[in-house]
Each structure stands twice: as C-alpha cells, then as structure tokens.
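Trainee: So you can see what is in the structure, the chains are spelled out below.
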Amino acid sequence: MPAATATLGPLCSDGSATYTSPEGYTITGAVNGPIEVQRRDELPEEATIEVNIRPANGVGTTRERHLESLLHSTLRSIILTHTFPRTLIQLTLQIVSTPDKMGYGGSRYLNLSSSLPLLPSLLQTALLTLLSGAIPLRTTYTSTLLAVSPAPSPSEKPTIHTSLITPQCLASATSLHVFTFTPAGDLLLAESEGSFDIETWERVYERAEAVCIGDGEGVAGVAGEGDEKAGANVKGLQGMEIDSEEEEEDEGGVRLLDAGVEEAAPAVSKKETPQNLGGWVKGVVEAKVKEDMRWKNRN
Amino acid sequence: MASTPVILPGDVVPAEHLPSTKKALTLGPGLRHTPPSTITATTAGALSVDSKKNAIWIEHNNGRYVPHTNDLIIATVRQTGSDAYQCAITPHTPSAILPNLAFEGATKKTRPQLASGQLVYARISSAPKHAETELECMSASSGKSEGMGPLKGGMVYDISLGMARRLMLSPAKMREQGLVVLEALAEKVQFEIAVGRNGRVWVDGGNVAMTLAVGTCIVETDRGGLDFREQRRLVEKKLKGV
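Chains V and P, in that order, give the protein sequences. According to full-length UniProt numbering, the residues represented by the first sequence are 1 to 299, in order. According to full-length UniProt numbering, the residues represented by the second sequence are 1 to 242, in order.
Hints in this document: simulated from the structure, not taken from any laboratory.
Below are the EDC-like pairs computed for lysine to aspartate or glutamate, each with C-alpha atoms no more than 20 Å apart in a straight line:
| hint | chain 1 | residue 1 | chain 2 | residue 2 |
| --- | --- | --- | --- | --- |
| 1 | P | K129 | V | E45 |
| 2 | P | K173 | P | E187 |
| 3 | V | K290 | P | D227 |
| 4 | V | K290 | P | E220 |
| 5 | P | K129 | V | E36 |
| 6 | V | K290 | P | E230 |
| 7 | P | K237 | P | E183 |
In silico negatives: residues of chain P with every beta carbon more than 10 Å from chain V:
| hint | residue |
| --- | --- |
| 8 | W57 |
| 9 | V156 |
| 10 | V189 |
The beta carbon of each residue, even a glycine, is placed where N, CA and C say it ideally should be.
Isolated chain V (complex conformation):
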C-alpha cells in the first residue's frame, strides 16, 4: 500500500502544505492570516474563515461549494478564532491531481462521481496547512474514508474497506462514509452516502475510530469479523492498547499520559510506520521541525 506523503511549506504564503493520499489525490493548500477582512465579512468578536477549493480542471462548481461549507464548519470549531477578532484567515486548497476513474466505468456509478472520497484528503491538507501557518488551533484531527460493499453471502455482514479504497472498490460499494476525529476521540464530522442500516453505520464508526486515533477497544471490537485489515490494525496497535487500559484507571489525565508515552519513545515512533493517522501527522511535523532546527547542529 502506498503511504500518504506530505510536505510542509512548499509555497511562500504564511503557511502551506502538499498532501498526497494513498488513493492518489494530491492537494496543495495555502493559508494566509490573520489579514485584513472585507467590511461585509467582518465579525466583531472572531476571525472570519474563508475556504476556497479549486478543482484540478475548470472552475469550482456546486460540488466545491458543498465541500467548502463542510470544511468551513469543521475548521471553525478547530481554529481559535477569538484570538484574532475582525481579521480573515484565508485557506485555499488546489486539487493538483485525482486518481483516474474513467477506466472503471466513469460516471456510470454514482459513487465514482461522489465528492466524499476527496473530503478526507481536503481535511488532511487543511490541517497540515494550518499547522504550517502557525494558526492557533484548539486541537488537531484525522479524517478517513470507508466504503461498505455487499456481504459475500447472505449469512455474513457487509464488508468494510478502510485503507486504499480503489476506484473498483468505490464502484462496487453500497455506501461511503467519511469520519473525522480529534485525538481525544471526539467526532468532528460524519458524512455518509448510499444505503446502509444503523448497525452497519455503527460498525463503520468503530472502524473509522480505530483507523484515525488507534483506540485499542475499537479495533478489538471488529477484529473478530475475519477481515484481514482489521487483524493488521490490531497487530500495529498492540502498544497502544496498554495505554488505553491505563487511561481507564486514571481519569482526567488521559491526554497527558498519552503525550508522555509518545514523548518517551520518539526514536521508536520514527522508525516504525505510524500506527494511526494521528501518529502520521505528528511524524510530518517532527520532520519539519527537525529541518527548521538544522542550524542548531554545530558539528
């Protein structure tokens, strides 16, 4: 599976990032702010957030406006807007390339023209861009796409695909889901398309939680379903399961302990592949800080 890659600061705006998802979406984001806001958009007590999404070709349509509104509402709950009243934080996301879908039936399948597969990449780019621009944030988040395809036999449950959702997989899916979580486990965004029942949604929710924040319990809950990927997740997350047990004992200090564990073993987390998306984001930032601190090497 190709890993997601990211670069921080490729442009000369206040903050910028390029992100390539495992599925092949490449997006460049730029943020400027806090800057002067137009009088009609000015908010007396907080910063205005402007999100612009530009498609890979042509001009933005209703589809982009819809994605912009989803991003806007997510980012508004993340950015500490009251720090900069009467200013503007302007975020532009340019889609550079999208995976080729034409060979798989193109617009014949509704899922292939859906805007949901793009959403996690947009959210991830937006976060990295804001981190690069040192915009004060309440928390970080991670976002993932899940596809549900019909059960192979009537006695089994529908299959949930998590990582690397190919166009074939999209075409055969009955429903698509995007979830966004904060590291503390709060759900920030949940978008679903297609037909599914509440039981499937709950299973998808648990899987998404495991992918995003690597909660040991969530993975254990789905491991018994015979899905190879779930098994792999459990393996990678064994180290984290210990943490979650400790978290239960010691209420209140959850994040503190979590961060302490990561701090204590930075060498290990760098060598191994990140166990969840949150770990991956941290790795990207660590690499950037290391580059910024290069002048400190005096040898």
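Given chain V, work out where chain P should sit, using these hints.
Mentor: Here is chain P on its own, set in the frame of chain V:
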C-alpha cells in the same frame, strides 16, 4: 534546553517539562492555560523551556507576524496624515499608527518628514486586540531615539520569523545558538543592520555591492538552515568579489 519535544495543538504539556520553581510560570506564544493547571498547545512546534526565567513557549519558524507590545519592527510608511503616519508592518493587514510627534525631539514645527514607502525602525507601543496598533520611534521613558527612526539608504530583506528572533539575541547568545554569520561578516567589513521582529532585516553596507553581499549572506543562512561552518564558508565566498 536539552530536549525539545515536538507537540501539536491540543496536546497537554506534560508536567515533567514544566520548570519546577515556585515563581509564577510565564507562558509564551503557542500555549494556553485552562484553569486550574492544564497547559495546552495551540500551535505545532518544538517545546522550549527556560528554567531561569521560568518561561515556556513553542518555537516555530513560520506563520505571520502578529504585533506584540515592545517588539522592535521595521515598518513601511503607507500614508502621511496630518497628525500620524499610517504604517504597514506585514502585508495585507490594517495599518499601524505612528504619531508625528513620536520621534526624538519632535515638535509640531520640527518633525521628520516621511514620504510613503519610507522605512522606519520602530517599537510597538501598544497592540490591542480590538483597536489599531500604535508605533513609536523613541523611548517613552527617556525620550531618546535609541537607534529607532527612519532608515535611510540600504535595502530590506525578508527573513523567517525564527531567524529574526535569533538575529536579535546578544552576540554571546547568538554564538551559543550557532548563528555566526553576523560575527563573520563584521570581522571583515563594516555595515549597519536593523532587525525587525516582523521578519524583515535592513542592511546598509555603504555601497550597493556590500549591501547585497551582506543581505544575501543573511538570507541564504536563513533559507538553507546553514550550520556555523557553512556560514563562515558562505561569508568568505560572498565577500571575495566585493
């Protein structure tokens, strides 16, 4: 500052990284306090601790400069008003006000005439959240200019905010931080320099060639993140032709 853990927004600063003195803890940029005793990060970067001053902050190199009281900055005059100049600290932000009388020895009759586009080295006298930023070019207590005022000649370069902060350190501290470019330049040539916290540095080497040589040395040190041997090599190379 042996260990500099990287933290992300929303991470709680672990208690073992907090300086353990009885003095009140000072929180620098990138951190916020949630009563009673939780300290959370708001920006991503390396956590820096100064146990002597009992201060803690997040070091990052990027982002836009946000005015803070007492920062020394290089501003550009945008407009000349009847009683104040409108100055730009960073592009696309509302103007800061520099009163005509905020210069050393300025009276209504003898005040410096600044054209639009002129550079001034000024201090931020107040930076309220809900009102305009105010600048001054003299010390409020002594009335002396203390090096501030209009910058004539020379050239201005954009550098990263982290580099601007490092250039404003004392020479000993600068060496300790591995920044020797200024020292290496000063050993060979004479030049004047003014560093603004807003990520701008003004250089005057007396002639154009010298100004460019000194300016590019500083900018390249910043862009390339050069260590101290590379800095000395760069200075030698740039000064060869001048």
